[in-house]
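Chemist: Working from the sequences, and respecting the hints, build out all of it.
Line order of the protein sequences matches chains R and W.
Under our numbering, the residues of the first sequence are numbered 217 to 418, in order.
Under our numbering, the residues of the second sequence are numbered -2 to 129, in order.
To be clear, the hints were calculated from the coordinates, so they are not data collected in a lab.
Worth double-checking, as some hints may not be accurate.
[As the list claims (entries may be wrong)] Stretch-level coverage of chain R by chain W, calculated; a stretch enters the list once three of its residues show a Cβ under 8 Å from a Cβ in chain W: (1) 249 to 259; (2) 355 to 369.
[Unchecked claim] Some, not all, of what chain W presents toward chain R, calculated at C-beta under 10 Å: (3) M15; (4) C20; (5) W22; (6) C23; (7) G24; (8) T29; (9) E30; (10) S32; (11) G34; (12) R60; (13) H73; (14) T74; (15) G76; (16) C77; (17) R94.
Heads up, the beta-carbon is just placed ideally off N, CA and C, and yes, glycines get one too.
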Amino acid sequence: MSESTARRHGLEPFLASAESAAQARVEIRVVSNRGFLNLRLDQGDGAAVKDTTQVLGQPLPLASNTCTAGDHRVYWLGPDEWLIETGADRAARLVSELSEALARYHAALNDVSGGHVALCVSGIDARTVLAKGCTLDLHPREFGPGQCARTGLAKAVVVLAAIDDAPTCTVIVGRSFSDYLCRWLAHAARPHGVHFSMVRET
Amino acid sequence: MNTAPRRWRTSAHGFNAMLLIECPWCGPRAETEFSYGGEAGIVRPPDPDALSDAEWADYLFNRANPRGAHRELWNHTHGCRRWFAVERDTVTNQIQRSYTLDGTAPEPGTGSGTASKLTAESDTTSRIGSGG
Ligand SMILES: [Zn+2]
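Modeler: Structure, rendered in structure tokens:
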């Protein structure tokens, strides 16, 4: 499974030609088994927000540029749009549960798992490397854990989120951009020492 | 919960490298995240058939192009993907304010009521069809 997924990502060159993890100041992990749902609904619709929260088991982030973590990760993308990241094997069930809960509201839910790749960028120089291609101020004072933004990274549209103080950041990018973005990351992170790997998250 | 956008800043280049545009929903973001949508407040005439060719061409092509204060549309392409309006000085590039189009933008099928409102607010040259 992970091998075939790697081929679809077009990321094998990076997985093979990496420095040893011990020397790397930037660690880039391609998370192979994530599912993604795009949710559109009016956040002014209190009942719909409440029902969604109930199904998710965690709050739908209503504040701009924030995400919530729990069983899933939910990223605020706009006043009526969210990206829900979950385990690939849980996506189908979540789709059916959410669809049922949202059937009576003006809402749209789409499984976009096939179109996205999640990269986990961590290590002591992670923020420095990301800042080379991003116009946001990525200092932890401005962009701390729990914050996210759909923005540009090296001219690719990404959802960027600060996960913890390690620091760990998640970069979610369109699958067709993942090869390009990994090449860019490999180049940007080379002076810092970079290690690529493929992981599965539960 | 504080829903005010965080004060994000662009990288410091030591000079005014690009516009910092405040998206009403996402807060200040770099110009590269946005697409320009031209002059704000252009309203499609409710009855195009009633116009002369000159009037229709004026609606389609002619813009105020002022030197100074300009109301213009921007789309946050790389962010929330929403349209909004910005007041920018075309001489200094200073942005006075950003605002949503809610309540002022003509909604599909609402006729000319909201359209008149938008045109009346416009500080640009006279528009066709504002009386609708
Ligand atoms: Zn925005």
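Chemist: Hint by hint, say whether it matches the structure.
Modeler: Each hint, compared with the structure:
Against chain W, the region 249 to 259 of chain R contributes 0 residues with a C-beta closer than 8 Å to a partner C-beta. That does not satisfy the three-residue criterion, and the hint is violated. Figure legend: the region 355 to 369 of chain R, annotated as covered by chain W; annotation consistent (7 residues with Cβ-Cβ distances under 8 Å, at least 3 required). For W:M15, the shortest C-beta to C-beta distance to chain R is roughly 8 Å, which falls under 10 Å, so the interface hint holds. The beta carbon of W:C20 comes within 9 Å of a beta carbon in chain R, closer than 10 Å, and the hint placing it at the interface holds.
Because the smallest distance between the Cβ of W:W22 and any Cβ of chain R comes to about 5 Å, under 10 Å, the interface hint for this residue holds. Here the hint on W:C23 is kept, as its CB sits about 6 Å from the closest CB of chain R, short of 10 Å. Interface hint at W:G24: satisfied, since its Cβ lies 7 Å from the closest Cβ of chain R, which is below the 10 Å cut-off. With a cut of 10 Å, the hint placing W:T29 at the interface with chain R holds, because the nearest CB-to-CB distance is about 6 Å.
With 10 Å as the threshold, the beta carbon of W:E30 comes within range of chain R, its nearest partner Cβ sitting at about 6 Å, so the hint holds. Hint status for W:S32: violated, given a least beta-carbon distance of 12 Å to chain R, over 10 Å. Checking W:G34 against chain R: minimum C-beta separation of about 17 Å lies over 10 Å; hint violated. With a least beta-carbon distance of about 28 Å to chain R, the hint placing W:R60 at the interface is violated under the 10 Å criterion.
About 8 Å separates the beta-carbon of W:H73 from the nearest beta-carbon of chain R, less than 10 Å, and the hint is met. Given hint, W:T74 at the interface with chain R, holds; its Cβ is 8 Å from that chain's nearest Cβ, closer than 10 Å. Annotation: W:G76 was flagged as interfacial toward chain R, and the flag holds, the nearest CB pair being 5 Å apart, inside 10 Å. Checking W:C77 against chain R by beta carbon gives a least distance of about 3 Å; that is within 10 Å, so the hint holds.
Restraint check, W:R94 versus chain R: the minimum CB separation of about 18 Å is more than 10 Å; hint violated.
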